[in-house]
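Trainee: Fit chain B to the known structure of chain A by using the hints.
2 protein chains.
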Amino acid sequence: MILVADNLRITNSVIERAIMEMNPKPVIEMVIKCTKAGAKAIDLNCGPLTRQTESRISFLVKTVQKISDLPILLDTANPVAIEAGLKASQKKTIINGFSLEPAKLAKILPLAKKYQVDIIGYLLHPNGQVPQNSSERLDIALNLFLEFQKTGLDVSNLIIDPIIAPLSWQNGKTQNREILKVIQTLPELLDFPVRIIAGLSNLTAGGQNAAKNRCLEKAYLSMLAAAGLDIILLNILHPKIVQHALVCDLLLNENIFTWEEIPS
Amino acid sequence: MILVADNLRITNSVIERAIMEMNPKPVIEMVIKCTKAGAKAIDLNCGPLTRQTESRISFLVKTVQKISDLPILLDTANPVAIEAGLKASQKKTIINGFSLEPAKLAKILPLAKKYQVDIIGYLLHPNGQVPQNSSERLDIALNLFLEFQKTGLDVSNLIIDPIIAPLSWQNGKTQNREILKVIQTLPELLDFPVRIIAGLSNLTAGGQNAAKNRCLEKAYLSMLAAAGLDIILLNILHPKIVQHALVCDLLLNENIFTWEEIPS
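Protein sequences appear in the order of chains A and B.
According to the working numbering, numbering within the first sequence proceeds without interruption in unit steps and concludes at 839.
According to the working numbering, numbering within the second sequence proceeds without interruption in unit steps and concludes at 839.
None of the hints are false.
Since the list gives no way to pick one copy over another, a pair counts as held whenever it fits inside one copy or between any two copies.
DSSO-like, lysine-lysine: derived pairs with alpha carbons at most 30 Å apart:
| id | residue 1 | residue 2 |
| --- | --- | --- |
| 1 | K641 | K666 |
| 2 | K611 | K748 |
| 3 | K787 | K748 |
| 4 | K756 | K815 |
| 5 | K641 | K667 |
| 6 | K815 | K787 |
| 7 | K608 | K815 |
| 8 | K637 | K600 |
| 9 | K815 | K611 |
| 10 | K815 | K615 |
| 11 | K666 | K611 |
Think of the hints as simulated: they come from the structure by calculation, not from any bench.
Fair warning: this is a prediction, and the values are worked out from it, not measured in the lab.
Okay, chain A solo, but in the shape it has when bound:
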């Protein structure tokens, strides 16, 4: 699994202020911390950025890329921010992301084609609602794939995010079990080894007990890995979770890591 840091997020007030004030220091510090912790890519979750959109996203992308060669994920629903981020970026960039929502199909998906970059598709209904079972998710995946193919991009540019449900939701457990099935089924359904990403922090969103959250994340992360997940978006500053992710890879893949490379 490729580990993507979700730490550069506007919901962190230090990062939020840094973006608003275009102050590079907190951003650089965070990128350095994430890289040391083992991140292989960095998600830039900058929110809608409704004001000074272009200058702020451009500041963020350039600041990160000044000190890091890691791929970045432009994680925003604002197509103006995405396009400005793509223009500012000098390194590998992934759009995070689109869905069957008409506005996203119209404004975000075409940017992947225009800039020839990877794009993440969310398994959500056109109205933004979360599907209720694996069969609905697989239908959505097929429709998403059809829309993606209309762009003419190569299938290898598509990444799918089944959207982990918070366990605090009434049917969160059920949804997350269904997601395991979906991850196992997607490559066969789409008839190519589609890459699949998931955001682990969603699982315990709203959970107040940190020890409990880490236990649940570890247990579910192994299940995701065994189901065939390719990319995990997570708080890379939880060392025990990172270690657990690497141990999963150790068990599931030949010759990727030796134990000695796994931080203890």
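Mentor: Leaving out everything else, chain B in the frame of chain A:
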């Protein structure tokens, strides 16, 4: 998952001496510890017991059952010990176990019928060798099931153990990935919800680093659980592994545990 303690084993020198001397105290102490730690059944791994077979197994079974109502697993390759254990037992007893080895088919499998008890079948070749892939394991499972059916026992008396490979084996990782597939496939292949057991301690047998062993066990245990494992035989005195097993159940099953029941 049902948690079965593998701690009452003759490879523990304290337990070995207690069995040899028929001294109940260390056995009772271990049963109490295992029960407090969350064991729902106790495996009595007494080795071949070549001398004083009947009196020793009878001592062991009676000592355990004097203070515990938990089901016991008679874990020995010696059919004389198994029959004596079955005679001594007053409570639920499972034979652990048989395989396609001719001596086991001839001497151990019939005891399940005679005493109308559950029996565990190992996915091993008739010569005792470990199969090399999932296809060999599934062939063996079919043959094992055919042999089991000849006894006339109800299918619900059969439990299958795919035999986890030590990671220290050259192809241990590959074998254990194959086992995940086998666990997922068996109920469909045999066309009934066959119960599946696995012994987690095998995974890290020979591993000298306890922290590393626990990490690997946690990661693989979640994968086993998600694949559909029903019963896990493990060192119940590793509280973090027990917690992890309960968290897996919390994620995979409705209304079995609430977090508050899981020891922290």
